[in-house]
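Going line by line, the protein sequences match chains U and Y. Per this note's numbering, residue 1 is the first one in the first sequence, and the count goes up by one each step. Per this note's numbering, residue 110 is the first one in the second sequence, and the count goes up by one each step.
Don't take each hint at face value.
[As the list claims (entries may be wrong)] A short, non-exhaustive set of chain Y residues, derived as facing chain U with CB atoms under 10 Å:
1) M110
2) N111
3) I137
4) E138
5) I140
6) G144
7) Y178
8) D197
9) D213
10) L216
Think of the hints as simulated: they come from the structure by calculation, not from any bench. Predicted model, so just to flag it, every value in this text is computed and none were measured. Quick reminder that beta carbons are idealized off the backbone N, C-alpha and C, glycines included.
2 protein chains.
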Amino acid sequence: MNNLFQLAGSLPEAECFEPLARGEKVLIERIVSSGQQTPAGQWYDQPQAEWVVLLQGQAVVTYEDGDRYTLNPGDYLLIPAHCRHRVDYTSQQPPCIWLAIHADLCLAQ
Amino acid sequence: MNNLFQLAGSLPEAECFEPLARGEKVLIERIVSSGQQTPAGQWYDQPQAEWVVLLQGQAVVTYEDGDRYTLNPGDYLLIPAHCRHRVDYTSQQPPCIWLAIHADLCLAQ
Numbered sequence: 001m002n003n004l005f006q007l008a009g010s011l012p013e014a015e016c017f018e019p020l021a022r023g024e025k026v027l028i029e030r031i032v033s034s035g036q037q038t039p040a041g042q043w044y045d046q047p048q049a050e051w052v053v054l055l056q057g058q059a060v061v062t063y064e065d066g067d068r069y070t071l072n073p074g075d076y077l078l079i080p081a082h083c084r085h086r087v088d089y090t091s092q093q094p095p096c097i098w099l100a101i102h103a104d105l106c107l108a109q
Numbered sequence: 110m111n112n113l114f115q116l117a118g119s120l121p122e123a124e125c126f127e128p129l130a131r132g133e134k135v136l137i138e139r140i141v142s143s144g145q146q147t148p149a150g151q152w153y154d155q156p157q158a159e160w161v162v163l164l165q166g167q168a169v170v171t172y173e174d175g176d177r178y179t180l181n182p183g184d185y186l187l188i189p190a191h192c193r194h195r196v197d198y199t200s201q202q203p204p205c206i207w208l209a210i211h212a213d214l215c216l217a218q
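With the hints as extra help, turn the sequences into a complete structure.
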């Protein structure tokens, strides 16, 4: 049985992006961060929305419009397509475990 | 900030299916179970694949072909479309918190 909380004994220096399942316009991936942050002055600008939940650790996500979110385990965000954002902080101990779903998504009613 | 681990003070008797985000052929939902199981002799038979992770509690999922999975927090499964399956057990304390993504998915390489 695969488990999202299972990590390699020693983490690489770079963030790990691990695709778990995919479809035509859908990608489910686990992301493991341990102290990395988006380089200064850079923004993610993605063609698809991203629904992301932090499952372990603590992280800070900032939007270009100034909104700033401190995420703790279980906290989730729907980042709209082309909403410029960056990751300003990820904890090292424990490492951050994220689950991200990339797809053309909007909030469910 | 919305949090997957946040539950209402008292849970309803039925399982809760809460859509969180959706797209044309994608649905992300949280499921909260607390002791319910699929009624005897019944099987889920879904037109789309379901990627599902158990985030809290313990649960048992059985496939019609006999495979049986005991899930603990972090364990995940990709249930193919039309793969008949049932939930044979869900813990009450703590309640089971699942995150499910319904879409046309296959395992990522």
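For each hint, the structure was consulted:
no. : hint : verdict
1   : M110 : holds, 5 Å
2   : N111 : holds, 6 Å
3   : I137 : holds, 6 Å
4   : E138 : holds, 8 Å
5   : I140 : violated, 13 Å
6   : G144 : violated, 22 Å
7   : Y178 : holds, 6 Å
8   : D197 : violated, 16 Å
9   : D213 : holds, 4 Å
10  : L216 : holds, 6 Å
In summary, the structure is inconsistent with hints 5, 6 and 8 from the numbered list given earlier, while agreeing with the others.
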